[in-house]
Structures are given as structure tokens and as C-alpha cells.
Amino acid sequence: MHTDALRYLGSRLITTVLIIFGAMVLLFTLSSLVPGDPAAILLGPQATPEYSKRMIVEMGLDQPLHIRLWRFFSNVATGNLGIDIVSGRSVTSMISAVIPYTIILTFSAILLAVITGIPLGIYAATHRGSVMDSILAFVSVAFIAVPGFVIAIFLLLIFAIWLDWLPVLGTSRSGDWLDELKRMILPTVALALGWVGFIARLVRTSMLEVMGENYIRTSRAYGLSERLITYKYALKNACIPTITILGLGIGRLLGGAVLIEIVFARPGLGRLIYGAISERNYPVVQGAVLVVVVVFVLVNLIVDLSYSAIDPRIRHGSAGQGGGH
Amino acid sequence: MSTAGPPQGAQHRSAQREGTPVSTVSVAAPLVSLQGVSVVFGGQVRALDDVTLEIDRGDIVGLVGESGSGKTTLCRVLVGLTPPTSGSVSVGGETVARQLASQPLAFRRRVQMLLQDAVASLSPRMTIGRTLREPIAIHSLPRAQAEQRLAAILQRLGLPADVTAKYPHQISGGQARRVGVARALVMQPELIVADEPTAGLDVSVQGELLNLLLDLQQEFSLTYLLVSHNLNVIRRVTRRTAVMYLGQIVEQAPTQALFERPAHPYSAALLSTNPAIDPAKRARRIVLQGEIPSVVNPPPGCRFHTRCPVAQARCKTDAPALAEAGEGRLVRCHFPYSLSLQR
Amino acid sequence: MADLAPVTAPTPLVRIRDLRLEASTQRGTAHILRGVSLDIGRGRILGVVGESGSGKSSLASCLLRLLPGNITRLDGSIAFDGTELLGLDEAAMATWRGARIAMIFQDPMTALNPLFTVATHLVDVLKRRHPGIGRADALARAREALVSVGIADPDLRLAAYPHQLSGGMRQRVMIAMALLVQPDLLLADEPTTALDATVEAQIVDLLEGLRRKFSGSIVFISHHLGLVAQLCDDLCVMYGGTVVETGPVAEVLARPRHPYTRALLECEIEDDVQGGRLKSIPGEVQDPVAPHVACVFAPRCAHASDRCRGEVPLPVEVGDGHRVACLRLGEIG
Amino acid sequence: MAVLARGAGTDMGAAVWGTLRKVCTTLTGAVGFVIVVLVMGCALFAPWVATHNPDALDVMNRFAAPSGAHWLGTDHLGRDLFSRMVHGARVAMQVALSAIAIALTAGTALGILAAYLPARSERFVLIVFDVISSFPSLVLALAAVAVFGPSTGIVVVIVAVTLIPHFGRVARSQTLTLKSAPFLEAERILGASWPRVVFFHVLPNILGPLVILASMDIPVVITIEAGLSFLGLGVRPPLASWGGLIQDGYQYLSQTWVPVVVSSVALGVATLGFTLFGEALRDAVDPRIGREH
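Protein chains in written order, with my numbering: chain A, 1 to 325; chain B, 1 to 343; chain C, 1 to 333; chain D, 1 to 293.
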């Protein structure tokens, strides 16, 4: 039992490392395709050929590809994501300055989605076929289907411009946390709504599916109360697909956060990448994208491990055998 | 012995078989010969272990055993779906491996299989007609002749003409089984491996299918290997039976002799799990303790010793070999006949 | 129905009268049970046999009133020790489940929740049966129950999740669960069908041993006539949603009166006469959508007359508790 | 699996027709179907549906309110919004359909291949899939745009690449299930060659679910294209695209909200319509499709 769990942990860790490794190779390949000379961009039109050459040597761009790849890996491993070719600042410090905004936005959105989506899903499943169930179904699909930035624009238009209830753009400059909290509301809701619908629907379907399983019939045959069956026996099973989806959700939310940050003019990885693209500042893009990927992969790892905490079959390395899934 | 049914030839052969020891070569070479066949999956799962089995031309051999006994693997080895890890499998005097390498299609025509789940063995998005023409297309059989043959077979099997326009989910389980038989017969095979042909059929209709299989055996001079967990079917239909446990054949004997007096303790226990309806005929119930061990880590010595009611010290260390025990039977036991079915 | 007055000395535990179950399907209304009348004797094991579509599993579901959602009609009478089960509301019925009626299912692999340990399953069932029971007490009883179904290392098994147990072990756990609530009626729906032969023998042995410890009645549903003959006291033969013949097992099997029972017994090949033709019943099983206006077996019956094709036979007492539903009983002997 | 064949008999056309009818029996399915037909119609017949040249400038008439001449008004350059929206549908459908066609083909091929490859190679393919899907689509697109500059072609390629693992995994798992299916065993016992098995037996049985997944991916691709164009990193102006229209309007939000609302509603209705249709299609065929992810 114990060794199975360790083996599972080990294989999951190896896969995670391989994925991050692969992502770095992919980013590096892209970067080696960047047209033009980064040194020339950095130095502008005044660059003398000698100075430009010195710069190229300094940045190691004259080295063969595999040496540059190796250098990229060892730099990343030591936390060095390169140098912003426009300002000359360290990419790592630029990213660490803005990443808290993105992380907080993403995680408050997922938290909001979970604490509203799961109860809604349970309600819909236990009141199957009711009017409320149908309304929830339609609202869910609308939230899922309509792009997040469109929802963001509408929220902005309604609550900030027409109703003028909430401050609109950016973060609080005064450091006033209440003001900052207010400014967080719209972006968080805009980012979360799609996932509220998604989680509500997923919980509903999984719940209904689990309710049809033989082991629920066993519980019924022994007269266990409907409440015990729903909230103890069925909910745990129904949560497993939801948890799996959450891992993927973080990735999509990180992607969505980029757009939301731009709509609401909030600082964060999205704005950093956006700004860097218009400057053709590839090292910044590369560093920021890599950070997004690493966060995504690590969150997925955590999700997978917590999943095994719920499901003993994964823990014991016997997934898929027996047990109706 | 068997008086009513078997054709002249078969009777002749079975008489021969009783007279001569099994291990020596009989006059006609057996159609199927497995010699010391083992199959190991992934380096540790010993699905088959040193299986030796011969099937005479025109014979009907039964195979019984529980899950993990290796019945299915044996079938797959025989039809060339699973290569043996060691040992040799030959059909018609030439090894399956060589036939698959030199003329695979000829081997496929020679050996056919009826799969356990008859409905699922038909391609779900193809009409029955197209499924039945698959062998013709794959083997580029002469079209007109093959079509004629197919029509004759369908009629012989009592399948309605409109069945060919239907899809598998639109026909009954009994019909699906017959379609499977028809598909095999188009190839004019010599050997048919039938994996649980009556599984899932109600007892009121299984007789019809078995009668059909028996008739076809005569008409098309077929040889059968019949796998079933229904001991009544094995007892009634087959002439020889092999009992498998944990990847090994533990006993192999003429069916009637086996059911009357099993030599291996496992055979005795297995046969006793099938209580007769008539209390007068009901044998003593032998209840084995424990569960079937895993094939990944089979017990040392005799594989059955962990559950054997009559095991002795020697059984825990010495692995018995398949040895002759009279009446044309082979038994893998140090102490054959020590567990009796009699009350 | 007056002719169905109880014959056995004590009143039966359960008296089922004219039970009808219908469900809506894509092809129309399916008649799953077409007027079943049956007694379940106190302390007796009743074997219910029948082929697919005979309604034997649905009969068990009716007794527990755990039915799928597409049921459109359930009427007749199930009198359980004087209480009419069909008259109870859902809340009242729930108090019967896991108290006076318990059930063992066919597929032990899916009958237990994969995310909860054996202990959780057993303790929850006990707490529902005896509200107020302490956890330690419940665990002790669960442990005891596991021992009584032949589980050698109960503490290990209590802590185990279902996937860590073999099929036979899971079925033992299910039996232990049933024993824990000490029901008056235990329903066993093909409890050994999914098991290997030698493990099946163990479970049959266990069920037979139960007779000494268990005072309630058992309904044992199976398609294996030999098993029923060995294990049961009474036999009920079902076909097409009706009971065609019922009575003491030895009597029915030794002197079957209904043409279907006889045909079924002939299909059971027990002899080793090689070569002879195997018997089968021509035709196909009754279409559940077909209306119930005649003997359901008439289309396949060798003795069917015009009367059989136009009239529904009622059960007739032919011996001590031996009842047969056949219109031509007198003629065919 | 055998869904399209179920009940419909022999004719493939009849099967498709039957499925569509089933889709339209639900209200949401019918609404989705109508929207899909409208969007497709606009895309196919944009020049005829549009009332104006979408690129015709009329700076004197900028931010015109909706009227008989301009049904939805004009944008900041005086271009007719309705006509730009109709042409935006064309761009959206072009991007969505070509990206999905590429991803479906490549993903299915890779998925089937992975299922038949030895374990080690299969694991490599799966890791590659994992690597690709560890990039949120939009983020990978941003990285690519940073390198190659904004263009419709890049959007198509990147979206296709990010969708390949989606189809590839489903194709693989479906093929693995089929591989041990008795009817494929039967084919092997009959001696069928592997191309025959793959093309005649595996492909027809996995294509149905994959096509339905593809239809459910259409709104996802529309969203990504619109998002990139909204950032000015997708379809290049002056070509009309829904995301670009929203961006144009968003710039001038302080002056008028009409263009933003109109183009957002168009985008929202289109993605909602395709989602409703895709889900109704899935439910009509097999509600479990795509649930493994």
C-alpha cells in the first residue's frame, strides 16, 4: 500500500518535471525563431556594429543552439529568467512584482466558482426537473459559452459606468485595502462566472450519475436517510470529476486572467505579456509564459495528489479496477 | 462408452485412444498440439504455465476452469492472437508461428474462433451482411462461389434472409451467435475454438445452439475446442476435457471418466460445485477454503496446495508433473484420486 | 383469489396477491409483473427461478419498493406480517428497509461504495437500525458479523476499502451487512452468479449455514436450478412476469405439473448420454409489451389449445402448497 | 458509439437527419440550431447579407445611431456596423473551421497511432500532449504572436496545435477501448490487415464522438480568436472580426456604448448558439462523449 502510494507520487513528479522540461524546450524553440536581432532592438537605431556585436556575445547569442539551450535551462533552474531587452531589468524581478496580482485574481475567482458552483450543482441534482433546475441549466450554459472578456465588458458597463457602484479600473494606489477589494470584485466575478456554470453543471451531472450507481442502491436498500446518502455517500464520489476539472480550470483561468487584466487595466502577468509583445520584447514574454506554465503544472500536480487523498483506489494504485467508475 | 452420437471415424479414434497411452503418437497425428506452452505477460504474469494438450482431428475437447486459470489465454494462443513465451503450438503439423510468418491468411482460414460476447463480436456500424462478407474480402475468396456458400450457410443455420440488412443491435443474442458461426464457416476452417458459446443464453435456448454446433461438426468435419463454465454443457457435448487451474492443466481425461471419477482434487471440487437437481444424483459438496491465488505470485510446489483439502507436506515443495493415471487420463497431482465425489 | 388461502399451518410471512408492475418504455407499456401471487413462508428459503425477462429480479425490487423511475403502475397487494407494504408512504417504507427487509445484490463489485471502508458501510447500517448505538459498540458488532460470515481477519477487513477485497469477500461483507440488521426477510438476487465456481460454493455453503443462525425467511433468486434444489425449501417458477408453478422444492422438481417447468427441467442437461439431441423450448420469450390476455407460455407450449390463447390461467392448488397456473392441467396430467 | 447508425437503418444521410431532428426536439437545441444556421449563413453569404461595404469609410458619419440606413449604426470611422458584423462571422467561421479541421485530422491520427504504438513511444506522445496542454491556449498564442507577429494564419495554427491534444487523447482512449473490443478481435482472427482494421473498423467507430467534440470546440475557438483580435494580436485590421469590433468600440466607450454592446452581443449569441447546438448534438448522440476530461 505504502509503496504503491510512493510509486504514484514518484511517477507524477517525473511527469511534472518532464512537462516543464518540454515546455521550456518549446519556448526556447520559439525564441530561436524570433526574427531580427534582439541586440539591435535593445540598442535602437544608433547601435554601432561593434557595440551590437559585443551585446550579442554578452547575451550568448553567438553560441551554438545546444549551448544556448543548456544555458537557458541552468539559468531558469537558478531563477534567472533573462534580461528585459528594453529596460535592461531582470525579467525575474519584473515578474515577481506583478505575479501576486494575477495569482490573487485567479485564485479568488476559482474560490468564488467553487463556493457557489458546488451548492448550485447539488441543488440542481436534488431538485431534478424543477423550474429552478432548468433556469440554472440555461444560466450555466450561458456563462460557460459567453467569453469572459465579453462578460467583463458588460459588468464594467453596467456596474461601473451606468450604475456607478464600483470603481472601475486599475488597482488602488493609496494602498487602501477596502478600495482594492472593491476593485477586485468585477474582475473576479467576470473571471469566475464561466466556472460557476461549469462547476454547477459538472456537480449536477456527476451527482445524478452517482445516484444511479449500485452502491447507492445498496444504501437505499438499507434505509439510510436521503440526506446521509446525498451528502456523505454520493457527494464524495461526485466531487472527484470536479476536482479533476479544477486543475484544468486554473490553466484556463490564467489564460482568461490575461484578458480580464487588460479590460480592467489591472497590473499582472497579462499586462506584462501584452506590453512586452508590442515592444517585441521576447525574453519578458518567454519568462512570463514559462511562469504561467509552471504555476499551471504545479497546481495540476497538487490537484492530482489531493484527488488521490479522496480516492483510495488511486492511493493504492488500483485505479480503474472495480467500483463502478 | 459413447454409443449413440459420434460418427464412425470419431468412435474409431476414441477407441484407439483408450487403448494406447496418450503420450505416444497415435496413428493419425493430432490436429492441434501444444507442447510445454507458457505465456508470461510483462515478465511476471504467468498466464499459462507448461501447457501440453493435443486435439485429434474431429474431436471435441472441453476446457474448464475459473478466472485466472488461463482458458482465454490458451484460446488466444491457439488462434495466433497471443504468441507463446515458450513452448510450441502447432496446428496441422506445422507451428502456428511459422504459418503466421509464411502464409498468415491460410492459417486464419484453418483456425477460427467464436468469441464469448457474440453481439459485441459484430462490428456495430456494419450491417450483418457486410460483416459476413468480411472474410470474403479479406481473403479475396472467389466472389460468386463464396456468395453461394454464404447463402447456403445462412440457410443451414436457419437465419432469416432479412438478417443481412440489419445491424447487430437489431438482432437477438441467439441470432448473433449464429452469425458468428456463419462468419467462421465461410472460411471453411478445420478447427473452431468456441469461447463460452452458450454464456448469456437462457437454458431454454442453449440446447438448440449446441445441437447446431454438433451437427455442423459432422457436416463440415470440424474439430472443436469448447470453453465453458457450464459443466453440464461440457459433460454432454465434449469427448475429452481439460481442467485448468492457475495457468496449468491439472487434469485431462475422457469427459465421462472425468465426471464419474475425477482424479485431481481440484477437478473433484470444481465438479462438486454443480449440484444436480435430482437429490439422488447429487454428489458430495466439496467446499475449498480461501480464494484463487494470484497468477503474479503463484504458490510454490503444487499450485493447488494452498486450497487442497488433501494436501500433504510434499505438495508444498514439489511441483507435480502431468502424469498418466490410467483410462487415458493425465493428472498433475502427487496423490491422484485422494478426494472422492462420493458421499 | 379465495382458492389461495394459506395451506401451511402458520400464516406466511409475506402474502403477495395479484402484483402488477408496469413501466413505460420506448416501445410502449412493458408488463413486467402480470399478476403475481405468492407466499413466503416463515423461516423458509424460497427459491425463485426463471429465465431472463421472467420478472424474478423485479419481484425482489417490489418487495423493497426500490424501483426505477419509469414505473407507471404498481398495484396488487404485498402483505408483510399483516402490514400492506404497497399502502405505505415512502417515509414509512424507508423504515422497513434495512430493518425488517434486507437485500444482497448480484454484483458484489459495485454494491459497495468505493470511497468508504467496510467499517463505514457496516456502522452506518447499524446506526440506522439501532439509532443511538455507540461507535465502539457498532464496530464490535460489525466485527462479530464479519467473523460469523467466515472472515478470518475482521479488523483488517473492517479497515479495507472495497477494491482491496476479492469478489467473494465483498459478497461476504454484503451478507454480514444483511445479518447485522437481523431482518425478517432477506432478499438475495443471484448472489453467487458473478462469482467463480469454487467461491460460489463457499457462499452457498455460508448461506446454508445461515439457516442455523438466522430465523428469518430468505428469497433466493437464481437461474441455476441445481443450486435452488440444493439450498431451498420452496420453489417458485416464473415465466413472462407470472408465477407458473410454486410449491415445496422436492415436490415441484419431482412432480412438475406446468408444461414450462417440465420443459425447463428437460433443458437442464444433467445426464451424460452423449450424442442425443439436446432439448430446447422453441420460440422466443414473451414480449413484455404484449397485452396480457392469454397464458404467457401458450406461444411456446406443446400442449397449448385455443383456450390457452384466449384466457389467463389462475393458480390451482394441486397438492400441499403446490400451485400451478395452467388451464390444461387436468388434460395433460 | 454506434449511435449514428442506431435506429436509422442503412442510410448515413437519414442518420444525420434523424440526429438533427432529435437535436431540435429540445428548446435549447432548436435555438442553438437556428443561431448556428444564421451564423453559417452570414459567413457563407456575407457579401450578399451585408448592406454596405464593411470597409467603406464615412468619417463624417462616425458613431451614427442605428437607423434605416445603418441598422446597427456606424463605428468610429463611420463604417457600417451590421456589415462589419456579418463579415466578422465569416472570419470567425474561417478560423474556427480550419483550425478544428487541422486539429481533428492531426489529433485523430496521432491518437490512433499512440494507441497502437509500443508503450514507450505512446508515453512520449502523451507527454507531448501534456506539454502542449500545459500552455493555456491564449497564452501559447500570445507567445507565438510575440515571435511571428499578429496574423490570421498564426491564430489558426496555434489554436489547431492547442486543440490537437484534446482530440488526440479522446481518439487514443476510444481506440484503446476498441482495441480489445470483441469485434476487432474477430477481425484479427479473420486475418484482417491493420490498415483494414484502422480505416474500416476503428475510424468509423471513433469518428462520431470526435466530430461532436469538434462541434463543441467551435465556440472555444471563436472565443480565442475574438480574444486575440480584441488585444489587436489576431486578425489584422481593417479586416472585420468580432474581437476587433469590440476593441474598436471599447476604445471609444466614453463616447458611445452602442458599438461595444452590439458587437459583444453578436459574439456572445454566436458562442452561446454553437455551445447549445454542440451540447444538444452530444446529448442526442451520447451524453457521455468527452467526459473523460
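Wrong hints could be hidden among the right ones.
Said to hold, decoys possible - Below, simulated SDA-like cross-link-like pairs (lysine to any residue); rule was C-alpha separation at most 20 Å, straight line: (1) A:K182 to A:I104; (2) D:K22 to C:D205; (3) B:K166 to B:Q188; (4) C:K279 to B:S221; (5) C:K127 to A:F154; (6) A:K236 to A:S225; (7) C:K213 to C:V147; (8) A:K236 to A:G88; (9) C:K279 to B:G290; (10) A:K232 to A:I104; (11) A:K236 to A:R217; (12) D:K179 to B:K281; (13) B:K281 to C:L265; (14) A:K232 to A:V114; (15) C:K127 to A:I122; (16) A:K232 to C:K213; (17) D:K179 to B:I138; (18) C:K279 to B:D215; (19) A:K232 to C:R129; (20) A:K236 to C:M109; (21) A:K236 to A:A160; (22) B:K281 to C:Q230; (23) B:K166 to B:D215; (24) A:K236 to C:D233; (25) B:K281 to C:V147; (26) B:K281 to C:D233; (27) B:K166 to C:E284; (28) B:K316 to B:K281; (29) B:K281 to B:G301; (30) B:K166 to D:G13; (31) C:K279 to B:Q35; (32) A:K232 to C:D205; (33) A:K236 to C:F116; (34) B:K166 to B:A176; (35) A:K236 to C:D205; (36) B:K166 to D:F200; (37) C:K213 to C:A140; (38) C:K127 to A:E226; (39) D:K179 to D:F199; (40) B:K316 to B:G328.
None of these hints come from the bench; they were simulated from the model.
Quick rundown of the hints versus the structure:
Between the alpha carbons of K182 of chain A and I104 of chain A the distance comes to roughly 14 Å, so the proposed pair stays at or under 20 Å and holds. Between K22 of chain D and D205 of chain C the alpha-carbon distance is near 52 Å, which puts this suggested pair outside the 20 Å criterion. A threshold of 20 Å between alpha carbons decides the hint, and for K166 of chain B with Q188 of chain B the separation of about 24 Å lies outside it, so the pair is violated. Distance check on the hinted pair: K279 of chain C and S221 of chain B sit about 23 Å apart at the alpha-carbon level, beyond 20 Å; violated.
For the given pair, K127 of chain C sits about 53 Å from F154 of chain A by alpha-carbon distance, which is inconsistent with the 20 Å threshold. A C-alpha spacing of about 16 Å is found between K236 of chain A and S225 of chain A, which places the hinted pair at or below 20 Å, so the restraint holds. Between the alpha carbons of K213 of chain C and V147 of chain C the distance comes to roughly 13 Å, so the proposed pair stays at or under 20 Å and holds. A hinted pair counts as satisfied when its Cα atoms are at most 20 Å apart, and K236 of chain A with G88 of chain A does not qualify at roughly 52 Å.
Taken as a hint, the K279 of chain C and G290 of chain B pair is broken in the structure, with Cα atoms around 37 Å apart against an allowance of 20 Å. Between the alpha carbons of K232 of chain A and I104 of chain A the distance comes to roughly 32 Å, so the proposed pair goes past 20 Å and is violated. Between K236 of chain A and R217 of chain A the CA atoms are separated by roughly 16 Å; this keeps the pair inside 20 Å, and the hint holds. With a CA separation close to 45 Å, the supplied pair K179 of chain D and K281 of chain B exceeds the 20 Å bound.
Restraint check for K281 of chain B and L265 of chain C: satisfied, since their Cα atoms lie roughly 15 Å apart, inside the 20 Å limit. Only pairs whose Cα atoms come within 20 Å are accepted, and K232 of chain A paired with V114 of chain A is accepted, the gap being roughly 18 Å. Taking the CA atoms of K127 of chain C and I122 of chain A, the gap is about 25 Å. The hint is violated against a cut of 20 Å. A distance of roughly 33 Å separates the Cα atoms of K232 of chain A and K213 of chain C; the hinted pair therefore is violated under the 20 Å criterion.
Under the criterion of a C-alpha separation no larger than 20 Å, the hint pairing K179 of chain D with I138 of chain B is consistent with the structure, at around 19 Å. For the hint pairing K279 of chain C with D215 of chain B, the CA-to-CA distance comes to about 14 Å; that is within 20 Å, so the pair holds. Of the supplied pair hints, the one linking K232 of chain A and R129 of chain C holds, its CA atoms being roughly 18 Å apart against a limit of 20 Å. Of the supplied pair hints, the one linking K236 of chain A and M109 of chain C holds, its CA atoms being roughly 19 Å apart against a limit of 20 Å.
For the suggested pair K236 of chain A and A160 of chain A, the alpha carbons sit about 40 Å apart, so the restraint of at most 20 Å is broken. Restraint check for K281 of chain B and Q230 of chain C: satisfied, since their Cα atoms lie roughly 11 Å apart, inside the 20 Å limit. Under the criterion of a C-alpha separation no larger than 20 Å, the hint pairing K166 of chain B with D215 of chain B is inconsistent with the structure, at around 26 Å. Proximity of K236 of chain A to D233 of chain C is assessed by CA-CA distance (about 43 Å); at most 20 Å being required, the pair is judged violated.
For the given pair, K281 of chain B sits about 34 Å from V147 of chain C by alpha-carbon distance, which is inconsistent with the 20 Å threshold. Proximity of K281 of chain B to D233 of chain C is assessed by CA-CA distance (about 18 Å); at most 20 Å being required, the pair is judged to hold. Taking the CA atoms of K166 of chain B and E284 of chain C, the gap is about 19 Å. The hint holds against a cut of 20 Å. Only pairs whose Cα atoms come within 20 Å are accepted, and K316 of chain B paired with K281 of chain B is rejected, the gap being roughly 34 Å.
With a CA separation close to 35 Å, the supplied pair K281 of chain B and G301 of chain B exceeds the 20 Å bound. For the suggested pair K166 of chain B and G13 of chain D, the alpha carbons sit about 17 Å apart, so the restraint of at most 20 Å is met. Among the hinted pairs, K279 of chain C with Q35 of chain B is inconsistent with the structure: their alpha-carbon atoms are about 38 Å apart, more than 20 Å. For the suggested pair K232 of chain A and D205 of chain C, the alpha carbons sit about 35 Å apart, so the restraint of at most 20 Å is broken.
Note on K236 of chain A and F116 of chain C: the hinted pairing holds, with a Cα-Cα distance of about 9 Å set against a maximum of 20 Å. A C-alpha spacing of about 11 Å is found between K166 of chain B and A176 of chain B, which places the hinted pair at or below 20 Å, so the restraint holds. For the given pair, K236 of chain A sits about 36 Å from D205 of chain C by alpha-carbon distance, which is inconsistent with the 20 Å threshold. Distance check on the hinted pair: K166 of chain B and F200 of chain D sit about 18 Å apart at the alpha-carbon level, within 20 Å; holds.
About 18 Å separates the Cα atoms of K213 of chain C and A140 of chain C, which keeps this hinted pair within 20 Å; it holds. Our distance criterion of 20 Å between C-alpha atoms is met by K127 of chain C and E226 of chain A, whose separation comes to about 15 Å. Proposed proximity of K179 of chain D and F199 of chain D is supported: the alpha carbons are some 13 Å apart, at most 20 Å. Annotation: proposed proximity of K316 of chain B to G328 of chain B is violated, straight-line Cα distance about 27 Å (limit 20 Å).
Checked against the numbered hints given earlier, this structure breaks hints 2, 3, 4, 5, 8, 9, 10, 12, 15, 16, 21, 23, 24, 25, 28, 29, 31, 32, 35 and 40; the rest are met.
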